[in-house]
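Number of protein chains: 2
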Amino acid sequence: METPAVLIDMTIVERNIARAQSLFDEIGVRFRPHIKTHKTPRLALMQIEAGACGITCQKIDEAEVMVDAGVDDVLITYNILGQEKLDRLVKLAKRCKLAVTADNSETIEGLSAAFTSAGLDLAVLVECDTGAGRCGVQTAQGALELAKQIGSAPGLTFHGLMTYPHMSDMKAVDSWLGSAKSVLEENGIGCATVSSGGTPNLSRSHETVTATEHRAGTYIYNDRSLVEAGLCGVDDCALTVQATVISRPTATRAVIDAGSKSLTSDLIGLTGYGLIRGAPAAKITGLSEEHGVVDLSDCDWRPNIGDRISIIPNHACPVSNLVDEVYWQKPDGTILTVPVAARGCSQ
Amino acid sequence: METPAVLIDMTIVERNIARAQSLFDEIGVRFRPHIKTHKTPRLALMQIEAGACGITCQKIDEAEVMVDAGVDDVLITYNILGQEKLDRLVKLAKRCKLAVTADNSETIEGLSAAFTSAGLDLAVLVECDTGAGRCGVQTAQGALELAKQIGSAPGLTFHGLMTYPHMSDMKAVDSWLGSAKSVLEENGIGCATVSSGGTPNLSRSHETVTATEHRAGTYIYNDRSLVEAGLCGVDDCALTVQATVISRPTATRAVIDAGSKSLTSDLIGLTGYGLIRGAPAAKITGLSEEHGVVDLSDCDWRPNIGDRISIIPNHACPVSNLVDEVYWQKPDGTILTVPVAARGCSQ
Chain A
59 METPAVLIDM TIVERNIARA QSLFDEIGVR FRPHIKTHKT PRLALMQIEA GACGITCQKI
119 DEAEVMVDAG VDDVLITYNI LGQEKLDRLV KLAKRCKLAV TADNSETIEG LSAAFTSAGL
179 DLAVLVECDT GAGRCGVQTA QGALELAKQI GSAPGLTFHG LMTYPHMSDM KAVDSWLGSA
239 KSVLEENGIG CATVSSGGTP NLSRSHETVT ATEHRAGTYI YNDRSLVEAG LCGVDDCALT
299 VQATVISRPT ATRAVIDAGS KSLTSDLIGL TGYGLIRGAP AAKITGLSEE HGVVDLSDCD
359 WRPNIGDRIS IIPNHACPVS NLVDEVYWQK PDGTILTVPV AARGCSQ
Chain B
59 METPAVLIDM TIVERNIARA QSLFDEIGVR FRPHIKTHKT PRLALMQIEA GACGITCQKI
119 DEAEVMVDAG VDDVLITYNI LGQEKLDRLV KLAKRCKLAV TADNSETIEG LSAAFTSAGL
179 DLAVLVECDT GAGRCGVQTA QGALELAKQI GSAPGLTFHG LMTYPHMSDM KAVDSWLGSA
239 KSVLEENGIG CATVSSGGTP NLSRSHETVT ATEHRAGTYI YNDRSLVEAG LCGVDDCALT
299 VQATVISRPT ATRAVIDAGS KSLTSDLIGL TGYGLIRGAP AAKITGLSEE HGVVDLSDCD
359 WRPNIGDRIS IIPNHACPVS NLVDEVYWQK PDGTILTVPV AARGCSQ
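For the record, the sequence lines run as chains A and B.
Position in the first sequence (from 1) plus 58 gives the number in our numbering.
Position in the second sequence (from 1) plus 58 gives the number in our numbering.
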């Protein structure tokens, strides 16, 4: 294995999958892992084998790759717009159990036209902005209006509510969803599914009462952002970037062959671009595309040129999106090269 | 063309190539474009056709892709370490005029062993840290010691000095290189090449007297970082990310289908994640992988769901590294799909 390279410790992956699934099994919430973290069909099938009800994708081409590999239940949490994408969505719906989300009338109209014309029926959830400030209707009344529109639109079935939650206030998220669900029920509209998500919220899922389904991606690998938040340990991190020390220009500076093309520029609130295993006080202070600059001022570690190091990235998901292949270290120690089949799928 | 997608305006590309080449032709400095920005063999060949003396690559696999396409003069500005990479470097040296850089003894020893054993000779430049704080020897004396080592190492020829310069103080860079060159000459060692670089420094290249060669990448596309620095205009930016407005959750919020998987998280000192053409006061305040959140508070622009927009990214180079293909808009208006053949090459 030459560096830089992405190594996946499959012993940790198997443990992470089992632990999360048993958590949701215990509280009776369906678990629908988000494949954005691994983009690898074999891992999606392992998640389903362990008990997941299906998978979550963000884009149609990600879902196409997963269905090609045998996944048969997909939720695409995205507003699908435009004739080409709608045509592909119809084709996909013929090959698996499919649901999508919408937070606006234009999306619902497009879905309805495409599925009516194909003689098919599509399950649609209404996306709710419960505080994260991304997509989603802003009020329970907004959710009601779209639920009604979906319910009366030919080719569509209203399937429930979905949110990408604000991670730091799950009670507010639960309260938002609970109120919206009540407003819908007062209007005679049932919610088959209330889908929440997020890895940071995973261990607090039992605190919520409204969600019937949880989506999470990062938990399968974990990353430095979760370690720093106290939500997992270093030994729960399955994905590492393997790098080599290529320069030691000064006593306190090392340069490694992993830059933003390997680690990404994602800081997501942290300082530095990753955690070097075995040298937590070494700071990756700067990245250019092929270089990482490491400040050794605060540690005793003095690596030699040619030394291999192992880095837990700040955010695992975009790292998977940079490489065509990853290396699996299997429990028996063997190394397997595995394609990241849904890498670069954004459409 | 579905969104998100990367569109290249070839009229602007042709103008950017011609403008930079004529600048270096005028001052008699060789120009060696860095292919990291486009990673596309056809553009490398256009740069050479326009007068470039060859190309710069950071990694061997990038160079392999370029040589496969017909490029015959390559400088790899990187410490090459490890037997596998050295074996590949030897193979590459048989197919083109090749030079590399080194800033340490270990790298020089490895290169010497590999090229001696292959019965070949490799040109090696000493990398100098002239203020950028990345790789490079720290002093003229350090450069002299490595130049001597290269000069006496079988299989290697000392070829000169190279720096990745500190962009904001070209006079200091020039002074550093001038002193080092003098120290070498005092010791009877001539510098065939003194290679500097950078797009931000491009228009000030005539101010330096020591460099005989300049390397630059971003100039071929330009990007928001150069617009904000006053170094080019919006109409000089050839690469744009094409996106669609997929949600309008509030009066002042739009969400687009380009996130960090299209625009990257690179801020490189800027605020916001790109410049929306035609709406410069709209701020892309947040990215997740497939969503960009746009704050419309400071502008009158109120896009509709389904509207297409065109975004100049903060940093063009890592955007090229995210996509397997880009779309060329040719001067006659036709659109061509072009593979980014060296995407993901990091080894």
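It should be emphasised that the hints constitute simulated quantities derived from the structure, not laboratory data.
It cannot be assumed that every hint is accurate.
Treat identical chains as interchangeable: a pair holds within one or across any two.
Simulated crosslink set (SDA-like; lysine to any residue; CA at most 20 Å straight-line) [said to hold, decoys possible]:
#, residue 1, residue 2
1, K229, I85
2, K152, E203
3, K206, L65
4, K152, A176
5, K341, M68
6, K239, R153
7, K229, I134
8, K341, S368
Please read these numbers as outputs of a predicted model, since none were measured by experiment.
Each hint, compared with the structure:
Taking the shortest alpha-carbon separations for K229 and I85, only the intra-copy value of 17 Å comes in at or below 20 Å, while the best inter-copy value is 66 Å. Taking the closest pair of Cα atoms, K152 and E203 never come within 20 Å of each other, the shortest separation being 28 Å inside a single copy and 69 Å across copies. In this assembly of identical chains, K206 and L65 lie within 20 Å of each other by CA distance neither inside one copy nor across copies; the values are 48 Å within and 39 Å between. For a Cα distance limit of 20 Å, the shortest separation of K152 from A176 inside one copy, 10 Å, qualifies, whereas the shortest one across copies, 58 Å, does not.
Proximity of K341 to M68 under the C-alpha cut-off of 20 Å is found in neither arrangement, the shortest distances being 27 Å within a copy and 41 Å between copies. Proximity of K239 to R153 under the C-alpha cut-off of 20 Å is found in neither arrangement, the shortest distances being 31 Å within a copy and 67 Å between copies. For the homomeric pair K229 and I134, neither the shortest alpha-carbon distance inside one copy (25 Å) nor that between copies (55 Å) is at most 20 Å. For a Cα distance limit of 20 Å, the shortest separation of K341 from S368 inside one copy, 13 Å, qualifies, whereas the shortest one across copies, 36 Å, does not.
Of the numbered hints listed earlier, those contradicted by the structure are 2, 3, 5, 6 and 7.
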